[in-house]
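Participant: Each chain is listed here by its residues.
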Amino acid sequence: MKKELIKLENLVMEFDGQRVLDNVSLSIENGRFLTLLGPSGCGKTTTLRIIGGFLTPTSGTVLFDGQPINNVPAYKRQINTVFQNYALFPHLDVYDNIAFGLRIAGVKEPEIDRRVSEMLSVVSLNGFENRSVTALSGGQQQRVAIARALINRPKVLLLDEPLGALDLRLRKDMQNELKRIQQEVGITFIYVTHDQEEALSMSDTVVVMDSGRIQQVGTPEDIYNEPANAYVADFIGESNILDGIMKSDFKVNFFGRDFDCLDKGFAPDEPVDVVIRPEDVDIVAPGAGQLTGTVTNVTFKGVHYDTIVNFSGFKWLIQTTDFNAEGSRIGIRLNPDDIHVMHKSEYSGMFGDYSSYSAEYDEIAVAEESEEE
Amino acid sequence: MKRNSGKSWLSVPYIVWMLLFSIIPLCIVIYYAFTDSLTGEFTFSNITGILDYATIFLRSIWLSVAATIICLIIGYPVAYTIARCKPRTQRMLQMLVMLPMCMSFLLRTLAWVALLEDTGIINNIITSLGLQPLPLIRNSGAVILGMVYNYLPYMILPLYTVISKINPRLIEAAEDLGCSKAKTFTKVILPLSVPGIISGITMVFVPAVSTFYISQKLGSTGTVMVGDIIESQFKGAYNPNLGAAMSLILMILIFICIGITNRVAGDEEEVMMP
Numbered sequence: 127m128k129k130e131l132i133k134l135e136n137l138v139m140e141f142d143g144q145r146v147l148d149n150v151s152l153s154i155e156n157g158r159f160l161t162l163l164g165p166s167g168c169g170k171t172t173t174l175r176i177i178g179g180f181l182t183p184t185s186g187t188v189l190f191d192g193q194p195i196n197n198v199p200a201y202k203r204q205i206n207t208v209f210q211n212y213a214l215f216p217h218l219d220v221y222d223n224i225a226f227g228l229r230i231a232g233v234k235e236p237e238i239d240r241r242v243s244e245m246l247s248v249v250s251l252n253g254f255e256n257r258s259v260t261a262l263s264g265g266q267q268q269r270v271a272i273a274r275a276l277i278n279r280p281k282v283l284l285l286d287e288p289l290g291a292l293d294l295r296l297r298k299d300m301q302n303e304l305k306r307i308q309q310e311v312g313i314t315f316i317y318v319t320h321d322q323e324e325a326l327s328m329s330d331t332v333v334v335m336d337s338g339r340i341q342q343v344g345t346p347e348d349i350y351n352e353p354a355n356a357y358v359a360d361f362i363g364e365s366n367i368l369d370g371i372m373k374s375d376f377k378v379n380f381f382g383r384d385f386d387c388l389d390k391g392f393a394p395d396e397p398v399d400v401v402i403r404p405e406d407v408d409i410v411a412p413g414a415g416q417l418t419g420t421v422t423n424v425t426f427k428g429v430h431y432d433t434i435v436n437f438s439g440f441k442w443l444i445q446t447t448d449f450n451a452e453g454s455r456i457g458i459r460l461n462p463d464d465i466h467v468m469h470k471s472e473y474s475g476m477f478g479d480y481s482s483y484s485a486e487y488d489e490i491a492v493a494e495e496s497e498e499e
Numbered sequence: 008m009k010r011n012s013g014k015s016w017l018s019v020p021y022i023v024w025m026l027l028f029s030i031i032p033l034c035i036v037i038y039y040a041f042t043d044s045l046t047g048e049f050t051f052s053n054i055t056g057i058l059d060y061a062t063i064f065l066r067s068i069w070l071s072v073a074a075t076i077i078c079l080i081i082g083y084p085v086a087y088t089i090a091r092c093k094p095r096t097q098r099m100l101q102m103l104v105m106l107p108m109c110m111s112f113l114l115r116t117l118a119w120v121a122l123l124e125d126t127g128i129i130n131n132i133i134t135s136l137g138l139q140p141l142p143l144i145r146n147s148g149a150v151i152l153g154m155v156y157n158y159l160p161y162m163i164l165p166l167y168t169v170i171s172k173i174n175p176r177l178i179e180a181a182e183d184l185g186c187s188k189a190k191t192f193t194k195v196i197l198p199l200s201v202p203g204i205i206s207g208i209t210m211v212f213v214p215a216v217s218t219f220y221i222s223q224k225l226g227s228t229g230t231v232m233v234g235d236i237i238e239s240q241f242k243g244a245y246n247p248n249l250g251a252a253m254s255l256i257l258m259i260l261i262f263i264c265i266g267i268t269n270r271v272a273g274d275e276e277e278v279m280m281p
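Taken in sequence, the protein lines are chains A and B. So the first sequence is numbered by our numbering: it starts at 127 and just counts up by one. So the second sequence is numbered by our numbering: it starts at 8 and just counts up by one.
Hints are computed from structural coordinates only; laboratory data are not their basis. Each hint should be verified, as a subset may be incorrect.
Said to hold, decoys possible - 30 Å max Cα-Cα, derived BS3-like pairs, lysine-lysine:
1) A/LYS202 - B/LYS224
2) A/LYS427 - A/LYS373
3) B/LYS194 - A/LYS234
4) A/LYS377 - A/LYS298
5) B/LYS93 - A/LYS234
6) A/LYS377 - A/LYS129
7) B/LYS188 - B/LYS172
8) B/LYS242 - A/LYS202
9) A/LYS298 - A/LYS281
10) B/LYS194 - A/LYS281
11) A/LYS281 - A/LYS373
12) A/LYS202 - B/LYS14
13) A/LYS390 - A/LYS427
14) A/LYS202 - B/LYS194
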């Protein structure tokens, strides 16, 4: 039922000899809410601008409905964009901004009138027709920008960090609003953001990017539960990432102990990265669990406590609703599905260590290390 | 007004300057314009006397309107091109535009005389090729040329400033919404350059309409402009009262012209300046 609408094949983009996209290939199905997620400079906006037709890739092909569109200019593509900071036309009012695309296409005025008011109700801006766009709030400008793009009935809507300029509360509202609009119009949304929570809560598919490369493509659950490498594990949520050795299928060794896990298909004794999410760890009485450690720092976060626990000198972040005082000894239990094993990557060893979480406990950590060994 | 009261004394030098060199002279001009040159009595004869010079007024306006339009036609593409260059190139081209302004105005005009004269450089080249010399100087074309040459930077610079500030995302947005390059220009770039067009027109038209040196050097008796007549009232014919009346009327005409320009383009500018 779902068919491929856009296909990126080996896209490479270079600016002044600097490679910002490195062999990006991606298939985007029709009707999807797809998010390109990554830090600034990861190539996500460049990818979006190539799809929109504002940039021509150095090499590689963009296919739209099976046809290469590298040389099709932006104005001939069935794609519209919601720009960062909206880029509304300051010399036109709300109505004329929204009607802009239809006027260019030569649609008759009565038809324009009907479709503008239809769009205004989709974005809940009825009655704003004759307002000046410069007099609108950020959230309202945002809605005008969405209406201005959607009124052309594109097959794909590109959104370039559209919520970046809004405050937190409004951002949450607009996330729900965008998801609702996407389901209402039923077209493909390609969304660019650096906000992992935004990506997880809105998308059908998340594409995690870094250094011009795609790190992982998957559903939000896949990305969170089965990160492909240390970079993804660290970028999406919090992660403790440990060095381990895969003894055999379903058996991983770290901290000198074997743990049961659900991962398989690794070489025997392959060195691996082991991800343990802070909220998956069960705290038990010292000695009752698989590992015993000392609490070195507790921070109240509202819903939970961020608890830093020292296990043999390696500090973990554990998120728990139970309060454990600093200095207390606790045990932890890990179930097989709490452990996620990844192949080593260029990112191994760069993330997932909370030792620097609070530097003032370093001396105590050294003292405890000798004690535990 | 209140919130600046602590620093309001800083504007005193400017207020004194304005009073001494703008307001008081203006009052003197008005006084002279409405008094008789011999008796010093109140009179309208200076104002009515201007009617004799109506053709010169009209000629001044038409020559400077022509020069302004030509400046706009030449200046807009130049300003647009500069604004689309890389920042380094932009600074360099901006300097090039301003370079003639660093040279004396008189010298620049005299240079054109040397070029256009019947025995000038251009005609020397033409005659050396065995052709008849062309009447390049002492006509309204030469006067317009002189004005365009001298005032073109005043058109380019405000246009450049406004065009370079147009958010490039707006141009992309227009393309995204189906505009070809030409449509993008007429639907977005041109409407957004209106403030620059207005100030460019004002900056060129005002000095052009009151110029006197250009028309004296490059023009003939048939291209005498208001500025020339006003100058002669103070220096040759010595009727400063008539000269003052002319200055006053010229000022009013300039205000009317600026008013018309603003009205024509005004609707769009209002939206643009929130």
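Participant: Each hint should be assessed against the structure and marked as holding or not.
Facilitator: Against the structure, the hints:
For the given pair, A/LYS202 sits about 55 Å from B/LYS224 by alpha-carbon distance, which is inconsistent with the 30 Å threshold. Straight-line distance between C-alpha atoms of A/LYS427 and A/LYS373 comes to about 37 Å, which puts the hinted pair past the 30 Å bound. Of the supplied pair hints, the one linking B/LYS194 and A/LYS234 holds, its CA atoms being roughly 18 Å apart against a limit of 30 Å. Pair hint A/LYS377 plus A/LYS298 does not hold up; C-alpha atoms about 41 Å apart against a cutoff of 30 Å.
Using a Cα cut-off of 30 Å, the hinted pair B/LYS93 and A/LYS234 is violated, with the two alpha carbons roughly 40 Å apart. Of the supplied pair hints, the one linking A/LYS377 and A/LYS129 is violated, its CA atoms being roughly 39 Å apart against a limit of 30 Å. Our distance criterion of 30 Å between C-alpha atoms is met by B/LYS188 and B/LYS172, whose separation comes to about 19 Å. At most 30 Å may separate the alpha-carbon atoms for a hinted pair to count; B/LYS242 and A/LYS202 exceed this at roughly 67 Å.
Proposed proximity of A/LYS298 and A/LYS281 is supported: the alpha carbons are some 26 Å apart, at most 30 Å. Between B/LYS194 and A/LYS281 the CA atoms are separated by roughly 24 Å; this keeps the pair inside 30 Å, and the hint holds. Under the criterion of a C-alpha separation no larger than 30 Å, the hint pairing A/LYS281 with A/LYS373 is inconsistent with the structure, at around 49 Å. For a cut-off of 30 Å, the pair hint linking A/LYS202 to B/LYS14 is broken: about 57 Å separates their Cα positions.
With a C-alpha separation of about 36 Å, the suggested pair A/LYS390 and A/LYS427 falls outside the 30 Å cut-off, and the hint is violated. Among the hinted pairs, A/LYS202 with B/LYS194 is consistent with the structure: their alpha-carbon atoms are about 17 Å apart, no more than 30 Å.
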